[in-house]
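Going line by line, the protein sequences match chains E and D.
With the first letter of the first sequence counted as 1, position 54 gets the number 54 in this note's numbering; the numbers rise by one all the way through.
Positions in the second sequence are counted from 1; adding 1000 to them yields this note's numbering.
Keep in mind the hints are simulated off the structure, nothing from the lab.
Do not rely on the hints blindly, as some may be mistaken.
Stated by the list, open to error - No farther apart than 30 angstroms at their CA atoms in a straight line, the calculated lysine-lysine pairs in the DSBU-like style are these:
| # | chain 1 | residue 1 | chain 2 | residue 2 |
| --- | --- | --- | --- | --- |
| 1 | E | K169 | D | K1025 |
| 2 | E | K104 | D | K1212 |
| 3 | D | K1025 | E | K192 |
| 4 | E | K104 | E | K169 |
| 5 | D | K1025 | E | K11 |
| 6 | D | K1113 | E | K270 |
| 7 | E | K270 | D | K1121 |
| 8 | E | K11 | D | K1212 |
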Amino acid sequence: MFPTPIAQASKPINVAYRIALPISLFIWLLPLLAVMLTSTRSLTDITSGNYWGWPTEFALIENFSTVFLSTPMARYIFNSVVITVPTVAGTILISAMAGFALAKYGFRGNLLLFAMFIAGNFIPFQILMIPVRQLMVDLGMFDSYMSLIVFHIAFQSGFATLFLRNFIKALPHELFEAARVEGANEFQIFLKIVVPLVRPALAALAVLIFTFIWNDYFWALVLVQSDDVRPVTIGLAALRGQWVASWHLISAGSLVAALPPVIMFFAMQKHFIQGLTLGATKG
Amino acid sequence: MADLTAAQPTLGLTVHLSFVERNQKWMAPAVFLAPALFMFLVFVVNPIIQSIAVSLTEWDGLGPKEFIGLDNYRELFDDPVFYTAIRNNIIWLVLFMLAPAAGLAIALFLNQKVLGIRLVKSLFFFPFVISSVVVGLVFAWFYDPNFGILGRVLEGIGLEAIPVLSDENWVTYGIIVAALWPQVAYTMILYLTGLNNLNPEVIEAGRIDGAKGWSMLWNVILPQLRPATFIAVVVTVIGALRSFDLVAVMTAGGPFSSSTVLAYYMFEQSIFNFRMGYGAAIATVLFVIMGVYIAFFLWRMLREEH
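If we strip away everything but chain E, and leave its shape as in the complex, we get:
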């Protein structure tokens, strides 16, 4: 283990480390803590300029009900869910299939297709923006949930295919041979062998894509424009324009927008980190 375990160091160093830990965490998360505290402030504090002291009174419930009752925040959250969930499901479905094909079948152009999926991951969104927007207009999907769902599935399938292909490739080849000898066809092999075995990878991918899509700002800006379909990232940015300096409301709104991925992260932490650190240990 590196650095040397602190337990082997002297007592003062141990004590110092344990004190430094919460202090550094406090400083690191200061932006978030400030937002949390501000979301409980009352309008009095905001108008009197008490932004950084202790709140004179707590208005947590008032602030959150203002956010939900006098703005379309609930609708934005709903829209984000409607966009995110089908995207995650669709991406995982088509990428598991493509990942399997690239991992376990040798055919000409296999590596070339794989390279295409990897490269697609890293291209700047701007090179896609104008044609994709135009295509959505032509398909009659502009300013609808479908435009975001369809595009996100297509784009995320690059990363997801790369991820699942590597995972499936590591499965022992004998497993597939044995299934073929038993008389299973290729589609049964996919459903009965591949899918159950890659379930942890699917979970990792699901939380990761959920977070990416939930936090997407650019494509929502480009492909939708009405409040009926706007996700929460755009909604929040728009509300900021209305609220101007009502930081207690902006803070409450920010927390609402940030919460779902945070919950997702805590619930599926192990999977999340496994997905994100793909490739960080080997190669």
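Dock chain D against chain E, hints included.
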């Protein structure tokens, strides 16, 4: 018809194979690949080609496209805002390289086994999970000269509050600091995973050879962390060049385009000024710059396949 030709004697039994069964060996991968490949070709590959084509035209997004050859590029190379954007992109790239270093430092700091360390690690990772819109709003508020904490702190130590986001000299740095917050969290988690997978025998051997502290880190640990460093640098370069959200949320490229980057300038020209051809030309330049990194990354990844 298929049944007649497919009847094959095996072990004395006549097995009738359907068309699907006879052809599944080559059909299976094709069927499995088809949906992802179709989506990717339609919504990713083809738009790249179309964008490059649009960059050779004058187009407002509604009327007919007029072919103008390389005029957009000629205009671009005379456009001072384009050079501001390039300069800012370079500043982003250079300062973003602090992220792997800071991520490694925090990972080394947190790689201990004490009570509650797992929770501390997760909380350190938090900024990465939060939407960049929220990060942008929070930092914009921090920097506000009237109600931000930065102003208070500066006044507290006897300096004047800096209106970071409305000062041409500070604005890009202010946005980059905000962007580094989640980026450092990302590289930190990459290094924590790398540190978890160190080979204890190599470390022991290093200790016996008298390596410790910096020499241990430099000669024994860092070489083992190379895969993590590679990924950290790649995602950081891509992150720096893709910077859009924070610029859009915090300043919309202002004041007077002084904080714009290629990604934002392209968006501004296309969506606000209806200059699709010009926007596409900016996007093409950004694409070519990123293409260099993508090619390098691909080469590294595919080399491992052989």
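Now for the hints, and whether the structure bears them out:
no., hint, verdict
1, K169/E - K1025/D, "holds (18 angstroms)"
2, K104/E - K1212/D, "violated (45 angstroms)"
3, K1025/D - K192/E, "holds (17 angstroms)"
4, K104/E - K169/E, "holds (7 angstroms)"
5, K1025/D - K11/E, "violated (66 angstroms)"
6, K1113/D - K270/E, "holds (18 angstroms)"
7, K270/E - K1121/D, "holds (12 angstroms)"
8, K11/E - K1212/D, "holds (20 angstroms)"
Checked against the numbered hints above, the structure violates hints 2 and 5; every other hint is satisfied.
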